[in-house]
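Required output: the full structure, derived from the provided sequences and hints.
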Amino acid sequence: PHSDPHHSAAIMDHKRATMIAGKKYRAALKDPKYQKAKADSESALKTVQKLFRGAEKGEGEGCEAMALLTWVRHFDKNGDMEVTCQEFADGMARLNYEAEGVKDIGALFRKIDVDCTGTITLAEVDPQASRLWMKFRMWCVEKFDDAEDMLNKL
553 PHSDPHHSAA IMDHKRATMI AGKKYRAALK DPKYQKAKAD SESALKTVQK LFRGAEKGEG
613 EGCEAMALLT WVRHFDKNGD MEVTCQEFAD GMARLNYEAE GVKDIGALFR KIDVDCTGTI
673 TLAEVDPQAS RLWMKFRMWC VEKFDDAEDM LNKL
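Each number in the working numbering comes from the position in the sequence shown (counting from 1) with 552 added on.
These are computed hints drawn from the structure, not numbers from a lab.
The reader is advised that the hints may include incorrect statements.
Unchecked claim - Pairs of lysine-lysine, DSS-like flavour, derived with a Cα cap of 30 Å:
1) K602 to K585
2) K629 to K705
3) K629 to K598
4) K598 to K663
5) K602 to K687
6) K663 to K687
7) K663 to K590
8) K588 to K663
9) K590 to K602
10) K663 to K585
11) K602 to K629
12) K629 to K695
13) K598 to K585
14) K687 to K705
15) K567 to K585
16) K663 to K602
17) K598 to K687
18) K602 to K588
19) K598 to K588
20) K687 to K629
21) K590 to K629
22) K663 to K629
23) K705 to K695
In structure tokens form, the structure reads like this:
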């Protein structure tokens with residue numbers, strides 16, 4: 553325990569600032585603009601998830617395997633595990649995507665990119681498909697020395 557009055561005052565200031573920040577955060581969550589942005593983001597995400605899970609027709613339609621296949625084939629062509637707005641637009645074009653009310657693919661992308669990084673990841677779009685992809689990648693690392701070894705053994 554510190555008996556230094558400056559230390560105690562600093563702790564109290566920090567606690568007070570934390571409490572004020574918490575109140576502002578909770579108030580911001582109730583803000584109508586925030587609520588609309590959150591609803592728009594969730595709606596955009598559902599649109600893309602539905603597209604991803606149904607894009608590759610065939611057995612198992614609607615599951616995370618289909619979302620993963622769509623991600624790899626149409627969006628993350630360079631395999632860097634993230635998709636830029638341009639890659640997203642290209643992937644949507646490859647899927648012949650046209651939806652009512654969504655004329656601007658960039659706007660759809662920005663609604664999904666809630667952290668404003670300029671990229672989206674499979675984990676943001678479909679967490680289950682992302683887990684499947686990571687499990688497969690980890691299995692490959694455990695079983696094979698490199699890509700050539702994998703091709704030779706398979």
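So, against the hints stated earlier in the document, which numbers end up violated here? none
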